[in-house]
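Mind the numbering: the sequence shown is residues 1 to 387 in UniProt numbering, read in order.
Note that these hints are calculated values from the structure, not bench results. Here the structure is a predicted model, which is why all the values come from computation and not from measurement. Hints should not be assumed to be uniformly reliable.
[As the list claims (entries may be wrong)] Per label pair, the in silico range of CB-to-CB distance:
(1) Cys79 - Thr110: 18 to 26 Å
(2) Lys229 - Leu353: 49 to 57 Å
(3) Lys281 - Val334: 36 to 44 Å
(4) Asp77 - Met239: 32 to 40 Å
(5) Arg104 - Ser274: 39 to 47 Å
(6) Cys383 - Thr110: 19 to 27 Å
(7) Glu121 - Val241: 14 to 22 Å
(8) Asp137 - Thr84: 18 to 26 Å
(9) Arg104 - Ala174: 40 to 48 Å
(10) Ser274 - Leu73: 48 to 56 Å
(11) Cys86 - Val271: 51 to 59 Å
(12) His80 - Val271: 46 to 54 Å
(13) Phe259 - Asp64: 29 to 37 Å
(14) Ala297 - Ser71: 20 to 28 Å
Just so you know, even glycine gets a beta-carbon here, dropped at the ideal spot from N, CA and C.
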Amino acid sequence: RGAAGISAMAAGGAEERGGLEATVWGRLRILRERWTRGVRERSGVAALPEDVEEVSALQMLPIDVQLHIMSFLSPQDLCHLGSTSCYWRAAVQDPLLWRCFLLRDLPFWTSIDWKSLPDVEIFNKAFSEVSDTVLYDYMAVYKKSCPQGRRSLKTSRPRYGAMTSFLQSLVTQAEPRFAMFGLGLEELDESLVQKMMTCPEILLVAGLPQRQIHGIGSGVSFQFNNSQKFNILTLYSTMSVERRRARAEQAVAVNKMFFQENNVVGNQQAVHYSVIAQVKKVCEVVDGFIYVANAEARKNHDRQEELARILAMIDPALGPPNRPLLVLSCVSHVGVKRIPCVYMAHQLQLNLLHRPWMVQDTVAATLAGLLSGIEWLLEEADCKNAQ
């Protein structure tokens, strides 16, 4: 049901959001009528002068104009607006107003993580449900999920973390190592790995390829922000010759990283994968994982299959269960229509994972978004090692 709701929102979101906006307008009209009636009652003979709230020109604008103006405000600006009067405090705290903003804005967010992913029920619930305001505080959901809210939480962390990182840098440590895999490495028109290797102004290569793994992977050291070094072990489904042949024939290459084990759960057959011995050795030593997902909307994707392979790589039997997972939601070029990162997180069912994860929009041709993802991954790996 969740995947269907997400697909429906991605395909026909404008119509549904239009219905929600109409509902919000109706609620704001009722709010203004009650507020206006209350002002008239309080401005009677028995009311004290200080009890009468002055009516501003903004409050007297048509409701649709008010909503249009509020649509340009950030969450922080809306909260500031709510502190100016009783009317605006009630208006900006309306749950359906924030649900409207949430469904409007989340397709344009470039990242989402395990702490901020909105519940899938937000996509499925009908607008007319009476219990809508009881079940969800959409204002809190928006503030927790939006990039600005997550950045403010990040900057509010204690500053001693920077000193700890400096002290740790004085001690010789092995480079953090991450295993990178996924269909986005092979299906896109632009090669993400090749771009990473040839853009020193964005990401500096600090070491030559090493540790060949039977033709399907190798390790390269990079330098982040001209300081911290880290190693990425890139794992492909099969050898480059076979990948090129499959691409030329528009076929799917046989993935040699995994072998399939069919399990029967109830009356249904569940697909379960395990990694081959060479990949298993990699999974046992890395500090985290990078999954490169094909986020181009023009292609059909079997996300259930992708999840099964992700689960095989991050199997707790192969290493610490708290190692972070970075999902690079990648497209070839800037103009390619993409699946929003929030939808990607739900399609891959990342909410089922019991470990830190983040989905970061990335463009292979420009490496846009890559450094933000790498920064998060290094921070999470550093936290894991400090525990």
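Evaluated hints:
1. Cys79 - Thr110: 18 to 26 Å: Check passed, 23 Å falls within 18 to 26 Å.
2. Lys229 - Leu353: 49 to 57 Å: violated (27 Å)
3. Lys281 - Val334: 36 to 44 Å: Given range 36 to 44 Å: holds, Cβ gap about 38 Å.
4. Asp77 - Met239: 32 to 40 Å: Since aspartate 77 and methionine 239 have Cβ atoms about 54 Å apart, the given range 32 to 40 Å is violated.
5. Arg104 - Ser274: 39 to 47 Å: holds (43 Å)
6. Cys383 - Thr110: 19 to 27 Å: Roughly 22 Å apart at Cβ, these two residues keep to the hinted range, so it holds.
7. Glu121 - Val241: 14 to 22 Å: Violated, since glutamate 121 and valine 241 (Cβ atoms, about 47 Å apart) do not stay within the stated range.
8. Asp137 - Thr84: 18 to 26 Å: holds (22 Å)
9. Arg104 - Ala174: 40 to 48 Å: holds (45 Å)
10. Ser274 - Leu73: 48 to 56 Å: holds (51 Å)
11. Cys86 - Val271: 51 to 59 Å: For valine 271 against cysteine 86, whose Cβ atoms are near 57 Å apart, the range 51 to 59 Å holds.
12. His80 - Val271: 46 to 54 Å: holds (51 Å)
13. Phe259 - Asp64: 29 to 37 Å: violated (59 Å)
14. Ala297 - Ser71: 20 to 28 Å: Since alanine 297 and serine 71 have Cβ atoms about 25 Å apart, the given range 20 to 28 Å holds.
Consistency with the previously given hints fails for numbers 2, 4, 7 and 13, ordered from lowest to highest.
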